[in-house]
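The working numbering puts the first residue of the sequence shown at 1, with every later residue one more than the last.
If you're looking for bench data, these hints aren't it; they were derived computationally from the structure.
Where a beta carbon is used, it is the ideal one built from N, C-alpha and C, also for glycine.
Zero decoy hints are in this set.
Now the in silico label distances, taken between C-beta atoms and shown as ranges:
1. Ser4 <-> Lys127: 17 to 23 Å
2. Cys118 <-> Glu29: 30 to 36 Å
3. Gly108 <-> Glu29: 20 to 26 Å
Below 20 Å or equal to it, Euclidean Cα-Cα: the simulated SDA-like pairs (lysine to any residue) are:
4. Lys127 <-> Val88
5. Lys7 <-> Gly71
6. Lys77 <-> His51
7. Lys77 <-> Val52
8. Lys77 <-> Glu103
9. Lys7 <-> Arg110
10. Lys127 <-> Gly65
11. Lys127 <-> Ala67
12. Lys7 <-> Ser85
13. Lys127 <-> Ser87
14. Lys127 <-> Arg61
15. Lys77 <-> Ser11
16. Lys77 <-> Arg110
17. Lys127 <-> Ile6
18. Lys127 <-> Thr64
19. Lys7 <-> Cys118
20. Lys127 <-> Arg97
21. Lys77 <-> Gly54
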Amino acid sequence: MPASTIKLHVSQTYRVPPAVVYDAWLNPEIARRFLFATDDGHVIRADIDPHVGGRFFVVDRRPTGDAFHQGVFLELKRPQRMVFSFSVEEHDHNCDRVEINIEPLGGGSRLTLTHEMCAEWAEHEEKTRQGWAHVVEGLGRELEQEQFKATG
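Please model the entire structure based on the sequences and the hints provided.
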């Protein structure tokens with residue numbers, strides 16, 4: 001990306017190993033419950049083709065209209081790293097880059113997400129950070145539910 005970019009970071013810890021976090025992110029049935037899902041919306045489509053060059057497409061139906069999120073997987077190294085381009089339909093010409101690193105942490109893991117975006121979108125930096133924080137927190141809730149199903 002050009003020098004005129006902004007990098008924002010979001011981290012979250014989970015009580016499951018890195019492979020579980022990694023796999024949940026790429027599983028359409030789990031991802032549709034947290035990936036770009038808003039509190040007042042409903043994900044109506046979550047297509048994920050998890051290989052380098054594969055695409056994802058997620059549609060969240062919101063009261064204000066459908067929100068489209070898409071990208072291409074640039075790097076996939078299970079269970080510690082994934083990198084993908086990211087765009088929303090109305091800004092399709094301007095793909096951002098998102099890196100997810102997952103490291104072991106005791107019996108669990110820590111996910112660190114870095115979103116690199118063009119500086120022209122600086123006014124949306126905090127809203128974007130909050131959006132990713134909502135995503136990684138939602139992933140945590142889903143991981144806890146999945147773990148409960150497996151043990152309960």
